[in-house]
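Protein chains in written order, with the numbering used here: chain A, 1 to 288; chain B, 1001 to 1160.
No lab work stands behind these hints: they were computed from the structure. Glycine is no exception: its CB is placed at the ideal position from the N, C-alpha and C atoms. Check each hint, because a few of them may be wrong.
What the hints assert, rightly or not - Each pair of labels, with its calculated beta carbon distance range:
id : chain 1 : residue 1 : chain 2 : residue 2 : range
1  : B       : Arg-1139  : A       : Arg-110   : 39 to 49 Å
2  : A       : Asp-113   : B       : Pro-1099  : 21 to 31 Å
3  : B       : Thr-1062  : A       : Ala-95    : 33 to 43 Å
Unchecked claim - Below, a sample of chain B positions facing chain A; criterion: calculated Cβ distance under 8 Å:
id : residue
4  : Ala-1079
5  : Asp-1107
6  : Gly-1133
7  : Arg-1139
Said to hold, decoys possible - Facing chain B, a subset of chain A residues (Cβ under 10 Å, in silico):
id : residue
8  : Val-44
9  : Met-56
10 : Thr-90
11 : Ser-112
12 : Gly-145
13 : Ala-149
14 : Gly-156
15 : Ser-175
16 : Thr-176
17 : Trp-188
18 : Ser-194
19 : Gly-213
These are the residues of each chain, in order.
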Amino acid sequence: MAYTRKDVSTLTGAERRRFVKALLEIKRKGEYDEFVRMHIDYYVSDGDGGLRTAHMAPSFLPWHRRFLLDLEQALRRVDSSVTVPYWDWTRDRTATAAPWTKDLLGGNGRRSDHQVTTGPFAYATGDWTIKENVTDGEFLTRDLGRAAAPIDLPTGSDVDRALQDPVYDTEPWDSTVTRGFRNKLEGWGTGSGSAAWRNHNRVHRWVGGVMLGGASVNDPVFWLHHAFVDLLWTRWQSRHREHRYLPAEPPGPTSRQYRRVVARQEKLPPWDVTPDQLEDASRIYRYA
Amino acid sequence: MVVSADGVPVTAVPAVTGRPGTARGARRRDLLRGLLGAAAALAIVPVVTASRPSRPVDGGPTDSFDETYRGRHIQGVLASTRTAAAGEVRWDITVDGRPLHLMRRADGTWLSMVDHYSSYATPLEAARAAVDGLGPGERLRAADPAHRDPHMGGDHGLHP
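Using the sequences and the hints given, assemble the complete structure.
Right under this line is the structure:
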């Protein structure tokens, strides 16, 4: 029986408590930091060599789908009622809206050092000391909206521009493609300045603090953000039913992308699963 | 919900059991060892990187920089051109004496571990953006532990 992932703004008080409690429990057991490490390890940029699975690649969406399923499975081993809620940042757009409340993820970082001091993930609780980081910071940091040079979250029309593209992804299957749903949603633009940060990437920047860097998983909002990104993939699939994950076949030996991207029927490291098998998760969970 | 082009339901995700991919300690290391074969195979693939010489900033030199930006000491030096034919370029950069790892995008722009979701035309701009992304008083780790083991065959520049 498929379970339901809900809009975080609709969770009851009990659902919020249980979600938070499960997160704190896997953090206490050390499992959570493995997710942080794994996300760092699998960030391979497209100007460097090697196979890209998690970012700047067609498998950005299935990789994070499976990553979320693993986290959700860890949470459900603690409390089988828990599912990962999603944060619809096209609707909940302020630093005081869901999920930035004291009973959920806590609020913005304080001005002096961007430290999150409210809610269950505040450093002073002793429950959320950051172990895997690119800086020496041990506390969760946020700079919601980027106070020094404010930016807005992506809008519904930004998301629509991605959803309207009927093609999943296109050559050269990296961060430079300007067509295709995947990169329009992942959000690698061209040029510099805030116009170049779109959708998924822009949300990481809007949250700021640890969410801006390689250790972004340290902020639990990572999962709520990626659940919404995952939901958008299901919306795209519903809208373009005749279209599927691309590439269908691996790029050949003469291609620059030879062995650097995962085709539909190829294994998606580190799992024994293919994008083809991850395209439909409706038997596991559905979005409400 | 989702059907393939021929109207047949697409294979559902296999039931997620255990904790694949996120196993702790020994299991994870086993997993990584298992991937080394694939990584070795990938290592022989020539790295072809779109190269764009970094533009001089404010007319300065293109092979090094040393400045104080928002109270932080940024230094960078062009470290190597490992394979001239591929035009691959590596920079060694520090912020307040601590290493800042940069990655390169296929369009030749740069991103850092601190600012991972956008990229910049030059290593100096990426270093400044990393400073912008650091919280007040926050410092990089003494030795960048991230990407210590680029097991997917991707050379992240830390292991020449």
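Status of the hints after comparison with the structure:
no.: 1; hint: B:Arg-1139 <-> A:Arg-110: 39 to 49 Å; result: violated (18 Å)
no.: 2; hint: A:Asp-113 <-> B:Pro-1099: 21 to 31 Å; result: holds (22 Å)
no.: 3; hint: B:Thr-1062 <-> A:Ala-95: 33 to 43 Å; result: holds (40 Å)
no.: 4; hint: Ala-1079; result: violated (14 Å)
no.: 5; hint: Asp-1107; result: holds (5 Å)
no.: 6; hint: Gly-1133; result: holds (5 Å)
no.: 7; hint: Arg-1139; result: holds (5 Å)
no.: 8; hint: Val-44; result: holds (4 Å)
no.: 9; hint: Met-56; result: holds (7 Å)
no.: 10; hint: Thr-90; result: violated (18 Å)
no.: 11; hint: Ser-112; result: holds (6 Å)
no.: 12; hint: Gly-145; result: violated (14 Å)
no.: 13; hint: Ala-149; result: holds (8 Å)
no.: 14; hint: Gly-156; result: violated (21 Å)
no.: 15; hint: Ser-175; result: holds (5 Å)
no.: 16; hint: Thr-176; result: holds (5 Å)
no.: 17; hint: Trp-188; result: holds (8 Å)
no.: 18; hint: Ser-194; result: holds (9 Å)
no.: 19; hint: Gly-213; result: holds (5 Å)
Taken one by one, the earlier hints fail for this structure at numbers 1, 4, 10, 12, 14, listed in ascending order.
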